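Novice: Each chain, letter by letter, is given below.
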Amino acid sequence: MAEILLLLAIFILASAGIGLWRVLRGPERADRLMAAQLLSTGAIAVLLLLDAAAPQAGLLDTALVLALLGAFASIAFVLAARQVERP
Amino acid sequence: MSAVLPYSIAAAALVALGLFGLVVQAAVLRKILAFNLLGGGVFLLFGVVARRGAGAGATADPVPQAIVITGLVVAFAATALAVVLALRMHQITGAATIAEAAEDGFPDK
Amino acid sequence: MGGLVDWLLAALVLGAAAWTLAAPTGFAAVVGFVGFGLLVTLAWVRLGAVDVALTEAAIGAGATGVILLMAVVRLRGGAEEVSAATPGRAVMVAAGLLAGGVGLALALAVLALPDPAPGLAAAAMARRGELGLGNPVAAVLMGYRGLDTLLESVVLVFAVLAVWSMAPDRRWGGIPGPRFPRQEAGPLALLARLLLPIGLVIGIHVAWVGAEAPGGKFQGGTILAAMWVLAWVAGLVQPPAIASQAVRLALVAGPLAFLLAGFAGMALGEGFLAWPPGLAKPMILLVEAAMTLSVAAALALLVAGPPERAA
Amino acid sequence: MIGALQGLGLLAAAAGAGFFLAGTVGLIRFPDTTSRLHALTKADNLGLGLVVLGLLPFAGSLGAALKLLLVWGLVLLAGGTVAQMIAARVRGTEPGA
Chain A
31 MAEILLLLAI FILASAGIGL WRVLRGPERA DRLMAAQLLS TGAIAVLLLL DAAAPQAGLL
91 DTALVLALLG AFASIAFVLA ARQVERP
Chain B
5 MSAVLPYSIA AAALVALGLF GLVVQAAVLR KILAFNLLGG GVFLLFGVVA RRGAGAGATA
65 DPVPQAIVIT GLVVAFAATA LAVVLALRMH QITGAATIAE AAEDGFPDK
Chain C
161 MGGLVDWLLA ALVLGAAAWT LAAPTGFAAV VGFVGFGLLV TLAWVRLGAV DVALTEAAIG
221 AGATGVILLM AVVRLRGGAE EVSAATPGRA VMVAAGLLAG GVGLALALAV LALPDPAPGL
281 AAAAMARRGE LGLGNPVAAV LMGYRGLDTL LESVVLVFAV LAVWSMAPDR RWGGIPGPRF
341 PRQEAGPLAL LARLLLPIGL VIGIHVAWVG AEAPGGKFQG GTILAAMWVL AWVAGLVQPP
401 AIASQAVRLA LVAGPLAFLL AGFAGMALGE GFLAWPPGLA KPMILLVEAA MTLSVAAALA
461 LLVAGPPERA A
Chain D
52 MIGALQGLGL LAAAAGAGFF LAGTVGLIRF PDTTSRLHAL TKADNLGLGL VVLGLLPFAG
112 SLGAALKLLL VWGLVLLAGG TVAQMIAARV RGTEPGA
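Chains as they are written, first to last, in this note's numbering: chain A, 31 to 117; chain B, 5 to 113; chain C, 161 to 471; chain D, 52 to 148.
Just chain A, with the same shape it has in the complex (with noise of 0.2 Å):
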C-alpha cells in the first residue's frame, strides 16, 4: 500500500517537475508564475501522499501552510506590478 502510494508521489513530483521546465521557460511573466503555482499544488500533493505512505506529526500542517502560502507570492507579484504601472 505504501509503495503504491510513494509510486503516485514520484510521479505527481516527475510530472510537475517536467511541467515546470516548460512553463519557466516563459515566454510570458504569466506561464512563469504558473510554474510556481504549479508546483506548489504539486509539492502539496506530494506531502499529502507521503502523510498517507508513513504518517509523521506536522506533514499535514506543513501542506496546510502551502496551501495557504503557496498563492501569496503570485498575488504580490501582480499587485505590486499594477501599483509600480499606475501613473
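Treat the hints with caution; some may be incorrect.
As the list claims (entries may be wrong) - Per the computed footprint, the stretches of chain A lying under chain C, defined by three or more beta-carbons under 8 Å from a beta-carbon of chain C, are:
| no. | region |
| --- | --- |
| 1 | 35-46 |
| 2 | 57-65 |
| 3 | 68-82 |
| 4 | 86-100 |
| 5 | 105-113 |
Said to hold, decoys possible - Have a look at the derived ranges for each label pair, beta carbon to beta carbon:
| no. | chain 1 | residue 1 | chain 2 | residue 2 | range |
| --- | --- | --- | --- | --- | --- |
| 6 | C | P442 | A | P57 | 26 to 32 Å |
| 7 | B | L89 | C | R339 | 35 to 41 Å |
| 8 | C | R330 | D | S112 | 20 to 26 Å |
| 9 | B | I96 | D | G114 | 25 to 31 Å |
| 10 | D | S112 | C | L273 | 55 to 61 Å |
| 11 | B | A60 | C | R236 | 39 to 45 Å |
| 12 | C | L439 | B | A60 | 23 to 29 Å |
| 13 | C | L321 | D | L120 | 21 to 27 Å |
| 14 | C | A265 | D | L127 | 20 to 26 Å |
| 15 | D | R142 | C | L264 | 57 to 63 Å |
Hints in this document: simulated from the structure, not taken from any laboratory.
It should be emphasised that the depicted structure is a prediction, and the values quoted were computed from it without experimental measurement.
For every residue, glycine included, the Cβ atom is placed at its ideal position computed from N, Cα and C.
Given the coordinates of chain A, work out where chains B, C and D should sit on it, guided by the hints.
Specialist: Relative to chain A, chains B, C and D alone:
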C-alpha cells in the same frame, strides 16, 4: 528510511552553485539569489548531519534542526535588508550592479 | 521506492537552483527560486526534519518569494550595465574551479563523517520533559540553545531598524511601503475576506502546537505576518507609521519577555536563561506568545520596507 | 470493508495523479498563455481534489480528514484567485490598469 546520499550531493553542489553565482553574477538581485542558494546548501548540510544523528525516537537530531530554524529566520531578515539596500541604491543612482563606474560612465570589464 | 523519491527530489532541487542562476531575466530567476523553496521543503520532510520543513514552507517558499517578487517589479532595466559588469571568460573559469573545489571538498567531508554519527538526539529526547515540552526541537530552541534563540529575536529587531533607516530623513516616522487601493469586489476581495480568518486560525494553531508537535513561534508568526500582508495588499489595512508606540512595542515584546525570563532564571534558578523547575512551562508559553507577536510584526515590517510617505 | 474503501481511495488518488499529468501535457502542448492557464487550473484543482478524496480512507482521525479537506479548499480558493488575476493581467483588463 530515506538515504542521505542524494541530499549530501545536492547540498554540496548547491554551495558550489551559490558561490559561483555570487562571484560571477553582476546584478545585485541575482547576487542576493545566489547567496540564498549558498545558504540553502549550508542548511541542507546541517539537515544531512541531523538525519545521520537520528536516534532515541527522534527522526533527526533536534540540535542541528533548531539551528537551521534560527538560521532560516536570520537569512530572511538579511535578504529583506539586502533587497531594500538594492532598491534604495537603484532609486538614488539608477544602478543595478555594484561595479565601479569607469570614465565613460560604464562599469569596468 | 523511497530512494527514487530522494534522487528525483535532489535532482529537481539542483535543477531549480541552476535555473535560478541561469534564468534570462530577474523575474524568471525569482520564480525559479520560489520553486526551489518548495522543493527544499519536500527535501526537509524526507530528511525527517518536519519542523524545518514547516519553517521553509512559511519563510523560504512564502515570505522570501513575496519580497523578491515585489523588488523585481521595482528594479528596472540595466541590461547593458549588467552585461558590461559581467566578468569575462577567464574569471568565469577561475570562479567555476574555486566553487567546484569547495563543493567537492564539502561533499567528501560530509560523506566521510563517522557512522554512526555523533549527535545529541538522545540527550535532547531525554531532557525535553524537564521543560514540559514534547517537541524536542522546541526544547532545544528554548533550553539548550536558548541564548541563540534570544539573540536571533534581537537580530530581527535590528533588521527592521536597518530597513527603516534606509528611508530619507524627511520620511522618518512615516508610513512604510506603497499604498494599495481597497478592493471592493473581484477575486482578491473575496480571497482576503475568506483567507484572513482561516489564516489567523492556522497561524495561531501552528504557533500553539509547537510545544508538542512540529510548529512554533517562527512558523506561526510568519503565517500571521503573511495574513497582515494580504490585508495590506488588498487595501483593507494601511501599514502603521513607524513612529507609532504600538508598533515598536509589538516589535520588542518578544525579545523583552525573553530577556526578563532570562533574568528570572538568575533570580529563581541556576543562572541566566535557566528555566526554574516547575515554572518552566508557563514561562515558556508566555515567552512564546510574546515572540509570536514580535516575529509576526518584524516579518510584516520587513516586507513593507522603509517608510515612503508622511504619516 | 476498510480494505475495499482504501482500494477505491488508491484508484481515486491514481486518477488524481493522471490529472496532474494531463495538466503537464496541456502546459506543453497548448499554444498560448491563457489556454495554458486553463489547462493548469483545471488539472491542478481536479488532480489535488481526487488525491484528497482518495486519501480520506487513509486518514487516521477525523481531524486529519478535515485537514485534508481544508487543504483542498484553500488550494481551490487561492488557485482560483491567482488564475483570475493572472488572466486579467494577460488580457489587460485589470482594474485601474
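Novice: For each hint, tell me whether it holds in the structure or not.
Specialist: Hint check:
With 6 residues having a Cβ less than 8 Å from any Cβ of chain C, the region 35-46 of chain A passes the three-residue criterion, so the hint holds. Restraint check on the region 57-65 of chain A versus chain C: 4 residues with Cβ-Cβ distances below 8 Å, three needed, restraint holds. With a cut-off of 8 Å between beta carbons, the region 68-82 of chain A has 6 residues touching chain C; three or more are needed, and the interface restraint holds. Given as covered by chain C, the region 86-100 of chain A passes the check, having 12 residues with a CB less than 8 Å from a CB of that chain where 3 are the minimum.
Proximity of the region 105-113 of chain A to chain C, defined as three or more residues with a beta carbon under 8 Å from a beta carbon of that chain, is established by the 7 residues found. In this structure, C:P442 and A:P57 break the distance hint of 26 to 32 Å, their C-beta atoms being roughly 58 Å apart. Distance hint for B:L89 and C:R339: a CB-CB separation of about 23 Å, inconsistent with the stated range 35 to 41 Å. Checking the proposed 20 to 26 Å range against C:R330 and D:S112 shows it is violated: the Cβ atoms sit about 58 Å from each other.
For B:I96 and D:G114, the hinted distance range of 25 to 31 Å is not satisfied, since their beta carbons lie about 53 Å from each other. Checked against the hint of 55 to 61 Å, the C-beta distance between D:S112 and C:L273 comes to roughly 38 Å, which is inconsistent with it. Distance hint for B:A60 and C:R236: a CB-CB separation of about 54 Å, inconsistent with the stated range 39 to 45 Å. Our hint of 23 to 29 Å for C:L439 and B:A60 holds, since their Cβ atoms are close to 27 Å apart.
The beta-carbon spacing between C:L321 and D:L120, approximately 43 Å, falls outside the hinted interval of 21 to 27 Å. Between C:A265 and D:L127 the beta carbons are some 47 Å apart, a value that contradicts the proposed interval 20 to 26 Å. D:R142 and C:L264 have their C-beta atoms about 50 Å apart, which leaves the hinted 57 to 63 Å range violated.
In this structure, the hints that do not hold are numbers 6, 7, 8, 9, 10, 11, 13, 14, 15, in rising order.
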